[in-house]
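J.: Listed below are the residues making up each chain.
There are 2 protein chains.
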Amino acid sequence: MNVVHIREFQEMMKHLYFNRDSERGVKGTYDWLGDELRELGEALEEKGEEAVEEEFADVMAWLASLANISGIDLEKATVNKYSGKCPKCQRSPCQCTF
Amino acid sequence: MNVVHIREFQEMMKHLYFNRDSERGVKGTYDWLGDELRELGEALEEKGEEAVEEEFADVMAWLASLANISGIDLEKATVNKYSGKCPKCQRSPCQCTF
Numbered sequence: 897m898n899v900v901h902i903r904e905f906q907e908m909m910k911h912l913y914f915n916r917d918s919e920r921g922v923k924g925t926y927d928w929l930g931d932e933l934r935e936l937g938e939a940l941e942e943k944g945e946e947a948v949e950e951e952f953a954d955v956m957a958w959l960a961s962l963a964n965i966s967g968i969d970l971e972k973a974t975v976n977k978y979s980g981k982c983p984k985c986q987r988s989p990c991q992c993t994f
Numbered sequence: 897m898n899v900v901h902i903r904e905f906q907e908m909m910k911h912l913y914f915n916r917d918s919e920r921g922v923k924g925t926y927d928w929l930g931d932e933l934r935e936l937g938e939a940l941e942e943k944g945e946e947a948v949e950e951e952f953a954d955v956m957a958w959l960a961s962l963a964n965i966s967g968i969d970l971e972k973a974t975v976n977k978y979s980g981k982c983p984k985c986q987r988s989p990c991q992c993t994f
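Here the protein sequences line up with chains A and B, keeping their order. Note that the numbering used here has the first sequence beginning at 897, numbered continuously upward. Note that the numbering used here has the second sequence beginning at 897, numbered continuously upward.
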């Protein structure tokens with residue numbers, strides 16, 4: 897598997913972890929995602945590419961888990977807001993002046 | 897655009913924001929991602945589905961931006977760790993006992 901749709905990844909995470917994610921709940925899963933983001937920050941500061949890749953994967957995984965138990969389609973949400981142009985200035989590349 | 901590969905989304909973010917993301921740098925972009933995660937947490941607690949979807953989209957967007965300026969292929973990183981089974985127990989669904 898080397899070309900993966902966002903939705904496909906989210907579905908895989910649902911198959912692997914939905915029961916456990918549901919038991920843990922939205923708050924607990926959100927907190928865990930925060931922990932993974934902190935680990936990514938540490939890896940970016942201190943560690944090599946392999947560790948950084950693993951931490952990016954974990955953030956993606958926990959974000960998909962959180963979306964699953966929140967009833968959100970991550971691909972739809974993402975495409976609705978970001979579809980080829982900046983949602984603020986409507987340009988591509990973005991030309992926002994802030 | 898309604899079926900999106902993780903890589904395709906990351907490439908779109910690169911086209912839209914790479915210059916600005918590069919100027920801001922890894923630390924500043926990581927901090928912004930943290931802010932977006934906090935906003936997602938607030939939306940999950942207080943707001944409706946549309947706002948929650950937008951915040952999920954923003955976290956995905958900033959995670960892709962951070963991957964771009966860190967030289968990480970988010971799809972490759974994700975698939976390397978999560979490819980149809982739990983990376984810890986090697987089962988599907990996960991049967992980890994922790």
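Keep in mind the hints are simulated off the structure, nothing from the lab. Please note that the accuracy of each hint is not assured.
Any copy will do: because identical chains look the same in the list, a pair fits if it lies in one copy or spans two.
What the hints assert, rightly or not - No farther apart than 35 Å at their CA atoms in a straight line, the calculated lysine-lysine pairs in the DSBU-like style are these:
id	residue 1	residue 2
1	Lys910	Lys984
2	Lys977	Lys923
3	Lys943	Lys923
4	Lys972	Lys984
J.: For each hint, tell me whether it holds in the structure or not.
T.: Cross-check of the supplied hints:
1. Lys910 with Lys984: Both, since 32 Å and 16 Å are each at most 35 Å.
2. Lys977 with Lys923: Cα proximity of lysine 977 and lysine 923: in one copy and across copies (24 Å, 25 Å).
3. Lys943 with Lys923: both (29 Å within a copy, 14 Å between copies)
4. Lys972 with Lys984: Close inside one copy (18 Å) and across copies (29 Å); limit 35 Å.
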